[in-house]
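Listed below are the residues making up each chain.
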Amino acid sequence: MPQRSVVAVGASLLVASLALTGCGTRGGDDGGDTGGGSGDSKVAKIGVIAPLSGDLAALGKGIEHSVDLAIKQANESNAIPGWKLELAAEDDQATPDVGKNAATKLASDKEVVGVVGTLNSSVAQSVQPVLAAANITQVSPANTNPSLTQGADFATAPKRAYPTYFRTCTTDSIQGPFAARYLFEKAGIKEVATVHDKKTYGQGLVDAFTKEYTKLGGKVVSAQTINPDDDKYDAVISKIKPSNPKAVYYGGEFPQAGPFSQQMKAAGLNVPLMGGDGIFSGEYVKLAGSTATGDLATSVGAPTDQLESAKSFVSAYDAAKYSEPYEAYGAYAYDAANAIINALKTSLKDADSAEAARQATVQAMSSVSFDGVTGKVAFDEYGDTTSRVLTVYQVKDGAWAPVNTEEFK
Amino acid sequence: MSTNTALPDVLDDSDVSRRDRLREQHGAKAPLLALAGGVLLLVSGLLSWSYDDRILGDISIRFYPAGIQIYAMVLGLVAVVLGVLLRRRPGWLNPGRGLAAVGWGSLVFVVVALVTIARQAGGSININEGGWVALVGALLVFAAGFVAQRFELNVRTWPRLPGWAEILVIVVLMAVLLFTTAYTLGLDDSWTFVCLLVTLLSVAIALVGSGFGEYVGFVGGNNRRVLLLAAFLVAFLFPFTQDGSDANMSIATQILIFAATALGLNIVVGLAGLLDLGYIAFLGTGAYVGAMLSQSTFATIGWKPPFLVVMLCGMAVASTFGLIIGSPTLRVSGDYLAIVTLGFGEIFRLAMFNLDGTNGPDLTNGPNGIPAIPDLNFFGWDFGKVHTVAGIPLGRFSNYYFLLLLLIAFVILVFSRLNDSRIGRGWVAIREDERAAEAMGVNVFGLKLLAFAIGAALAGLAGTIKAHQDTSVTPDQYIFLESAFLLAAVVLGGMGTVAGVLVGATILKLLPEKLRDAADYRLLLFGLLLVIMMRFRPEGLVASKRRQLEFHEDDEELVQLAQTEHLEEAK
Amino acid sequence: MELAQQLVNGLTLGSLYALIAVGYTVVYGIIQLINFAHGEIFMVGAFGALSTALLFFRSYVDEGQVLPFWALPVLILGAVAASVAIAVLMERIAYRPLRNAPRLAPLITAIGISVFLQEAVRLLYGKIPGFPDAKQKVPFPKIAVVSGDAWTPFGLTIQRSTIFTVGALVICAAGLFYFVSRTKTGRAMQAVSQDPDTARLMGINVDRIIVVAFVIGATLAAIAGIAQGLQVTNVNFKMGFLAGLKAFTAAVLGGIGNVWGAVLGGLTLGIVEALAIGFIPGTFGGSSWKDVWAFAILILVLVFRPQGLLGAKVVDRA
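Protein chains in written order, with this note's numbering: chain A, 1 to 409; chain B, 1001 to 1571; chain C, 2001 to 2318.
Since the hints were made in silico from the structure, they are not lab data.
Careful, some of the hints might be misleading.
[Stated by the list, open to error] The calculated lysine-lysine pairs, modelled on DSS-like cross-linking and capped at a C-alpha distance of 27 angstroms, are: (1) A:Lys110 <-> B:Lys1385; (2) C:Lys2184 <-> A:Lys286; (3) A:Lys311 <-> A:Lys286; (4) A:Lys376 <-> A:Lys72; (5) A:Lys159 <-> B:Lys1385; (6) C:Lys2135 <-> A:Lys286; (7) A:Lys246 <-> A:Lys186; (8) A:Lys345 <-> A:Lys42; (9) C:Lys2135 <-> A:Lys232; (10) C:Lys2238 <-> C:Lys2135.
[What the hints assert, rightly or not] Residues of chain A placed beyond 12 angstroms of chain B at every Cβ, according to the derived structure: (11) Asn75; (12) Ser77; (13) Asp350; (14) Glu381; (15) Arg388.
Every residue gets a Cβ at the ideal spot worked out from N, C-alpha and C, and that includes glycine.
All chains, please: the whole structure from these sequences, using the hints.
See below:
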């Protein structure tokens, strides 16, 4: 009878497997709660919202790892007695919608007290209100749009937009003018063309640059925009070339700036291209190729090999063996995480739970002040960094080399 | 035991393929196989699956099923029930087909679970006896499903229950739905989520395949109002299951906005048969209107009317755009229309990207968009604040969720009223054969324009709410890929049906959020899914019978079913 | 002077569009399918060339040196091989089973393939040992003679890659002309496009002809991929989408189904775009609006002259 054999097989298998269990189980079920936090130290989480996948993943991963490093160091040195810090990283895919979901997820996690992020100003706009509603401190390592801290009318009537928002990088309104002064005063270039990608970052940078540059007496001979989806810029370059600029100031990021520099020089426009920290990346040099030599970029803080704190960050990062480099914003992210940790030192001290400490953490942020990787870390009444040290870098032998570090006044 | 080895007479004598012969010979063993497999699966739920208690939730404990252990038991239970039914062979059920689905489902489920355990714990040595028992059970159920005989459904023999009992069936179903949804969304672990999904999917297919689906549809058809009411009640109750957490509500609001837009698209594509590849532009139009007329300090237009007026404006502007985009339909159709709409969609995005003052007038702030849009406030009910109802805190997204629920109710109402009206039949006529429709006196051009205008208005309406819910509107939310997603929701779910689009929208928005581990691969899988769907089930998951027929003309059983359904409707 | 310069730019752009557009038009002419994923074939071609360079000229690439000129044909072969392989697979696996399905099905399949191929390159290219991560732009190697300093007669700037692109178009067009009008397979193609059923009765293997159409399109797209790589010196996974869309516009502009229409349409579109950047005054000019003008042309052509400039086929597809 076939049926019977099936039953027999099934039953014997069952018996066999039960028997196997009898021989091969682990030693005793010692309760299921070993996975949870061990009794004495409470857990507080620092979130990260950054693009961990997609185009800008290189930058986002750098941010995530740097925050992770800061948290690990704080736990090792027992910076906040009685508390253990944890990382909660969420991907925003560089899109506002996804960023908002990530923020909502972090906000509903009762252990989250602070968030480092975001990379993109456009994402920040939709993350800010969610975190502000939950009283969670947000420190961005990379948003440069002035309106994020000072409101829509930042130029005329600055007004703090969200009390929970801070940033460790300088805004466009400092980086642009700094570049303008360098080009006009140090490099002696009196005629430039400007190009930007119309995005929050690039346009803001070029606007601030143009204002300062014309004030100094320089002349913007051609102002163009590109479409960031494009690969070819020869039509734009053809428009710039007849006006004979001595340099091109580019507002935007390296994925477009690199090829732009390359194509500009191939078309016979052999002048340096200058940009903000968005092009200060090793990828820029790769994409722009050998003709990139002489191109310039500004970046916040002193060069990492000149500051003691920066050197130790770099060596600690290397020692941790992360799979991706810290990239352009790793140092700012590390400082941002440490700013939150410093605030937590006061706010978590007598807090019962992480959630109860959220409000106190926001308040403690205003008195944070320490020497970070990018220089002095402290925040003004809008939540902007007070550090105004910037450095100009230039491409030499296929890598960025510092040429001038100065405090912007 | 030899009594049921008698040859069933249901086999079609014309083409007895190898598989049919197999069924003929061994079909009688199927009930027993199913019973044995089901019992094994049930038992496996009580056993330990993994040595390591950190994988897939804690599944290392015996006699206290949790997580995937429960899923295994659910699968086992379904298999046992179907096995029993297969043996008794009621005329109105086809348990064989259901068993096949459960068989496939359990096999995939167990394999996924075991592979995950083995991968995460470092080797199959870490799989405990429960996993192996489940594997054997799944194999048995699979075998049962493979050899089980199929019966023809006799729709006429459906038992009629008294009215209250049918309503009870609906209520129980809806309660199960609510519980399952809340539970599913509560899961955080990607792989547990996958396992649950496989379980739910196979159980659902099993129920539908074995005829329960038809029966529920039949009962639902008898009590249409009750069904709708119950569905909305469940949706309304959903935020109360979330215990004040906003994480899932945020996703739910996005699903609703997406679904409302997809339903609008369904009018254009599903009913009128006009392929639109730039539909996201209408949602964008609504969102931009909502943003520009909001209280945001970045808004470029000084006029700040109350939200009700904004909603009307959004609808009006969007349907105007709809008319403009629809106007080429006078001259182009088919693929060319698709490309024209794609062009319009791109023009919309580029225009929003450019209108920042340097290139054209300052309307949209260019790529930076319009941020800082304040929350809605209806007569003192601030959408941004947490309100406590019946002791349960309802956060910001819950507030928007309720508003969006009203929106989607409105959209469904418009959709179904239109579908049942003269206009709807006109659209279907155009979709099936434009020339014939014209010859019969249908105003083809007018109706096509109307489809665009109404669809766009619905999307525009959703957009105005989206602007406030998102707090910022930027052009990069309205790229071509989003239009493709919308179309995919319609196609995946089933063109021309409401339930299908809701299912499609939920799948497309929910999966990427829950599968964040695989977030990087979500587009890859999306592309693959489109190709596979078009190859194997082009009519969508929840297809109307008529639509299904268009794709499978030679399926005679389907023809019969469609005819029966048609007759039922006519009664 | 600026006019001449923008004309040169337009010609470069247009030649690229034309090379890709031929693929749309050949396939459409035979099975009335808008192969939406054709832009991705172009992208795969570019990556095929890059892979060939990495496999056979690794030392040059690593040291940032210029590849010798004889590497060019090798790269072209690699690019064509990659493109053709993907195109044939695509036809066999995805399109052929849908040949008698309602019209919506192949179009959605095409969108699916397009997304799939982009993502596959983005995610998986870097996973092949020795290949760079393709999630961002990847630098494309330079080749002696065809890349290097621009040629500047009369103050114009003519890139060497421009000459390569235009030259490639001329050679490909001539080759295609010979193939379509003089060879047996070419004439069979014409027959199938006019009446597939009768062609089948005449003993023509229609399935084979369809594959040939895909192969022709893929070959030209692969060459366009190299041209693009040389022009912009980098390649990336999403380069195919916009280029594909523009090329499709070009194909429609010239009259879809007509090979010469595709070439003419491509050149026209390229020149119109370049001139729009240079010469539309006021705030609606410049590079930000050029795509809008391109799409506007597409819509106008489709609405008012759906048969395109050369009007080979009267299109009435419901």
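Outcome of the hint check:
| no. | hint | in the structure |
| --- | --- | --- |
| 1 | A:Lys110 <-> B:Lys1385 | holds, 18 angstroms |
| 2 | C:Lys2184 <-> A:Lys286 | violated, 48 angstroms |
| 3 | A:Lys311 <-> A:Lys286 | holds, 25 angstroms |
| 4 | A:Lys376 <-> A:Lys72 | holds, 22 angstroms |
| 5 | A:Lys159 <-> B:Lys1385 | holds, 23 angstroms |
| 6 | C:Lys2135 <-> A:Lys286 | holds, 14 angstroms |
| 7 | A:Lys246 <-> A:Lys186 | holds, 14 angstroms |
| 8 | A:Lys345 <-> A:Lys42 | holds, 14 angstroms |
| 9 | C:Lys2135 <-> A:Lys232 | holds, 19 angstroms |
| 10 | C:Lys2238 <-> C:Lys2135 | holds, 10 angstroms |
| 11 | Asn75 | holds, 20 angstroms |
| 12 | Ser77 | holds, 28 angstroms |
| 13 | Asp350 | holds, 26 angstroms |
| 14 | Glu381 | holds, 19 angstroms |
| 15 | Arg388 | holds, 24 angstroms |
Checked against the numbered hints above, the structure breaks only hint 2 and satisfies the rest.
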